[in-house]
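Chains as they are written, first to last, in our numbering: chain P, -19 to 125; chain B, 143 to 556; chain V, 26 to 177; chain A, 172 to 492.
No wet-lab data here; the hints were simulated from the structure.
Everything numeric in this text was worked out from a predicted model, so none of it was measured.
Idealized CB from N, CA, C, for every residue including glycine.
Do not rely on the hints blindly, as some may be mistaken.
[Said to hold, decoys possible] A partial selection of chain V residues facing chain P, derived with a Cβ cut-off under 8 Å: (1) 160; (2) 167; (3) 170; (4) 171; (5) 174; (6) 176.
[Said to hold, decoys possible] Below are the DSS-like pairs computed for lysine-lysine, each with C-alpha atoms no more than 30 Å apart in a straight line: (7) V:163 / V:107; (8) V:163 / B:478; (9) V:46 / B:386.
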Amino acid sequence: MRISLKSWARKNSLWLFHVNAASCNGCDIEFVASLTPRYDIERLGAQLVPSPKHADVLVVTGTVNPLMRERLKRIYEQMPEPKYVIALGACAGGGGVMKGCYNVSHGVDKVIPVDIYIPGCPPRPEAIIYGLMKLRNKIEGVENE
Amino acid sequence: MSSDESIEKTVKETTAGLIQYSPEGLVPFGPVHPALKEPEYFKIILEGEKIVQIIPRIGYAHRGIERATQDRTWVQAIYLVERICGICSFAHSLGFVQTVESLTEYEVPRRARYIRLLIAEMERIHSHLLWLGLVGYWTGFDTLFMWIWRDRERVLDLIEMITGNRVHKSYATITGVRRDLPENIERHVQSAMKYLSERVVFYKEIVNTEATILTRTKGVGWISPDVAIRLCPVGPLLRCMGFKRDVRVDDPYAAYDEIVPEVKTSTDSDILSLLNLRLEEIEDSIRMILDAITAIPPGPVKTTVPRTIPKGDAMGHVEAPRGELFYFVRSDGGNKPTRVKIRTPTLANILTATEMLKGHTLADVPVVLTGMDPCFGCMDRLTVIDLDEGKEWQINGEQLRRYGIEWYKNNKRE
Amino acid sequence: MSEVWISKFYELKDVKISKEKNRIMIETSPDKIVETCRFITTKLGIHHLVTITGIDEGEKICIIYHFWGQHNFVNILVRIEKTNPRINSITNVVPGAIFYEAEVHDMLGVIFEGNSLMEGRLLLPDTYPSDLPPPLRKEANPEEIRRRMGLE
Amino acid sequence: MISWIFQLLVFPGLTFFVWIAFAFEWLERKTAAKIQSRVGPLTAGPKGFLQPVADYFKLILKEEIIPRYSDRFVFLYGPPLYFSVPAIGAVFIPVLGETGVLSHTYDLLFILFILSFSVLMASILGYAASGRYAIISIGRLILQYTSYEVPLILSILAPALLAKSLSISKIVASQTSIWYIFYAPISFAVFLIVSLAELEKPPFDIPSAKTEIVAGWMTEFSGRALAYIKLTKNLNYVFLSALATTLFLGGPTLPMTIQEDFIMSFASLLVFLAKTFGVGFLIFVIKSALARIKIEQATSLLWTITTPLSFLQLLIITVFR
Chain P
-19 MRISLKSWAR KNSLWLFHVN AASCNGCDIE FVASLTPRYD IERLGAQLVP SPKHADVLVV
41 TGTVNPLMRE RLKRIYEQMP EPKYVIALGA CAGGGGVMKG CYNVSHGVDK VIPVDIYIPG
101 CPPRPEAIIY GLMKLRNKIE GVENE
Chain B
143 MSSDESIEKT VKETTAGLIQ YSPEGLVPFG PVHPALKEPE YFKIILEGEK IVQIIPRIGY
203 AHRGIERATQ DRTWVQAIYL VERICGICSF AHSLGFVQTV ESLTEYEVPR RARYIRLLIA
263 EMERIHSHLL WLGLVGYWTG FDTLFMWIWR DRERVLDLIE MITGNRVHKS YATITGVRRD
323 LPENIERHVQ SAMKYLSERV VFYKEIVNTE ATILTRTKGV GWISPDVAIR LCPVGPLLRC
383 MGFKRDVRVD DPYAAYDEIV PEVKTSTDSD ILSLLNLRLE EIEDSIRMIL DAITAIPPGP
443 VKTTVPRTIP KGDAMGHVEA PRGELFYFVR SDGGNKPTRV KIRTPTLANI LTATEMLKGH
503 TLADVPVVLT GMDPCFGCMD RLTVIDLDEG KEWQINGEQL RRYGIEWYKN NKRE
Chain V
26 MSEVWISKFY ELKDVKISKE KNRIMIETSP DKIVETCRFI TTKLGIHHLV TITGIDEGEK
86 ICIIYHFWGQ HNFVNILVRI EKTNPRINSI TNVVPGAIFY EAEVHDMLGV IFEGNSLMEG
146 RLLLPDTYPS DLPPPLRKEA NPEEIRRRMG LE
Chain A
172 MISWIFQLLV FPGLTFFVWI AFAFEWLERK TAAKIQSRVG PLTAGPKGFL QPVADYFKLI
232 LKEEIIPRYS DRFVFLYGPP LYFSVPAIGA VFIPVLGETG VLSHTYDLLF ILFILSFSVL
292 MASILGYAAS GRYAIISIGR LILQYTSYEV PLILSILAPA LLAKSLSISK IVASQTSIWY
352 IFYAPISFAV FLIVSLAELE KPPFDIPSAK TEIVAGWMTE FSGRALAYIK LTKNLNYVFL
412 SALATTLFLG GPTLPMTIQE DFIMSFASLL VFLAKTFGVG FLIFVIKSAL ARIKIEQATS
472 LLWTITTPLS FLQLLIITVF R
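Please model the complete structure; the sequences and the hints are all you need to start from.
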């Protein structure tokens, strides 16, 4: 299988921007834990960047409430193409245990398009690494078609 | 008398300043900001690099959980309130469960009370270590951050062995805990605690000797205790001002009447003393865990209770890692709560933190603001406050977005 | 300690006092709330206001002020009319109450006279429909709120 | 002529230094990871060696967003210009012999110009992007620059004073017997501290402190512009390490002469690389062990400690030589 320079560079350099959209912190601390020595997603070339304009992947956690919904849209619009979105956790995937509360959206995909869903309440760091690997495969597949 | 008046004046200014500001020198801090792992918005008004006023705009993590508890049964509500916050999740479920227990006549088995203490203290260690690592991150000391988070994994391993989960434990239940301790857990607990106590000594040395950390934290965020006590702070923030107040001692729950915690205080009321205070609390928690694991009595871990809870009002509080966590529960005798009121430590502390920041520079914002160990997920479970001009917003989301773009355009080159 | 306090509470007029373990409940009328709070902070020396709870009881709104000091909860309970929910603010006596009062205002629509955060629409998301009742009122319907805020 | 252009653009000029810049970033990330007991980049290339290359190509291939209210001209042409600053400086560094590809009798002065010009370029770029964080960041950057410029110049003057020349090749040539680090150790230490400030590394990463002002003046840049800026930062890193090597560690000079020209050049290259990576490694380790300080603390540290120290060094040199 021939791998183009484009997809090789893209899949090996996933810069993450993390948005906590009204989450309970559970997913966020597990996401941060996946950067720390035991899990260390920098092995895959992923690193946390401070500005959405530098990022390739938007990692969204939480139950996107109306205040954060507008912010989330603006952040997504600020990211340069190609951009990918990971919905981290049950709340971001479809509302989770908060389903039916008056101030939550049922999932990130109601607001912005999502590429990878990582379920769990909260997902373990291993699951986050698995999700990143799925995203790498997806990038490769899209580019080779 | 004059000192009383000056205190009164400072307190007045703090609360009045929440709504008065001028747009010059305004710097937004958040809601999505690298220093905050959670969304929260602070308007910072600057003169050069000096902070004149800081206005919190809380509500970005509001979900409406208090309303949602009214639509769930008592047992479902435990798992819902647990998900208010991922860091102090056991404290939330414990606070709720104990408040509900005080409405019933069932006794919690002694073994379950010990296990509750064990998990609560492990959670305190995990939360304090997490905060300490993030202090390293905020001051730009990534190495410290990585080391501390590596050591934190040891506590999470123990929590996972006992409860089955790393973050949301789903462990406390009405009159007890859901499952018994696994076999041979003493060995694991003892080895992990031995390792951690060595590391805590090492971190204490780093914090008190590393010059760059000292310059960033010593004397930063000082606040007069007389002013602070009027603003009703809780937890380590209150203890670092010299007030000896801890719910575990003042109103013992779980097994805290048998294994008594030592309340640490400090009188410096700055960020460095907060760092030392939390490290000392970790040491004390390690001692309590080691005491509890040897003294743990045999017996059942829960009793069976009916699905309905007798009519009445009850209030209870626990000492979460961040301070006093308050629960009020009203039952009408049915299988669902009529009203659950939660007051989290961060909401109590935020007023004090804004007062602590005045007169400091922009570089101190992440250290001080997060020095109180905020947990906005907790705070916003109900509260949404827009302090912006106090004017009525009657526009929909899309208009708001356009308004934001326009605002950015007009205020761009100030 | 609590016995001494209870004997002191009888200095206040028109109060109902009940006690269960270390929870003291004082029921008083809404116009005496500031006076009662000042009594607690000055005479008893309790400065720590834990929180303010608001409960919709159908006909009336019940507001409970929880104070904690020296191993005892001291709660002040007042009931106000739901049709005209107004009460004096205690921020002059307990400055830390400012956010708690604002929270009750947000969730139940109670107006605290004298609190600086009461002006205009202060609480809930900006898109919260102003004609709907506040979310913790009995008549509020989460489904309707969700639909009106465009979350469905 | 063709040979000269080859030297300028490929080896030992631009391309050579760009590859060292990539290697520096890889080494920096690996060292930081090792100190933090992590693994660091692993999947891109052997041991993750191609990680910086992947980052660079990915950024080049990304969409570039130009904010509507920014200065379009500067936004488009600023980043390549910013990149050219250390790139021009690097060709003055002697790699194969005692002279660089370009050289001049007073080229040390030109190096000083290069060092200050890169800060100027950064502030122009930040101002063109026009964001609140960028403005604060530039204020800090310039404040920091004004406080470290004096110790920077004074510490560079020490080798010049020792060699009694402002020409880099003369300074290198007079270090064949003994390196200037032994004559001017204080100046070397000051130079290292000031390098951290010039490179915006901890404890002087104040202008790009991500927990205070997001990414500082780089916040608004994306895609191609960001690729240039990142590369320039790494190239600056290499440039300063190479400069320290040249001025204090004897550059590529060997203790003996070898008759064969090719072997001689190759040995010089190896010596140069070893020293440069050594200095770079020293900087990585220092920065990993420190927290960020505040701008007023940085200013007072640079003015009250490093400036008098470098004066003292100059005094010692003048008295004893």
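Here's how the hints hold up against the structure:
1. 160: holds (6 Å)
2. 167: Hint on residue 167 of chain V: holds, closest Cβ of chain P at ~4 Å, below 8 Å.
3. 170: holds (4 Å)
4. 171: holds (6 Å)
5. 174: holds (6 Å)
6. 176: holds (5 Å)
7. V:163 / V:107: holds (11 Å)
8. V:163 / B:478: Cα-Cα ~15 Å, so holds.
9. V:46 / B:386: holds (23 Å)
Hint compliance for this structure: no hint is broken.
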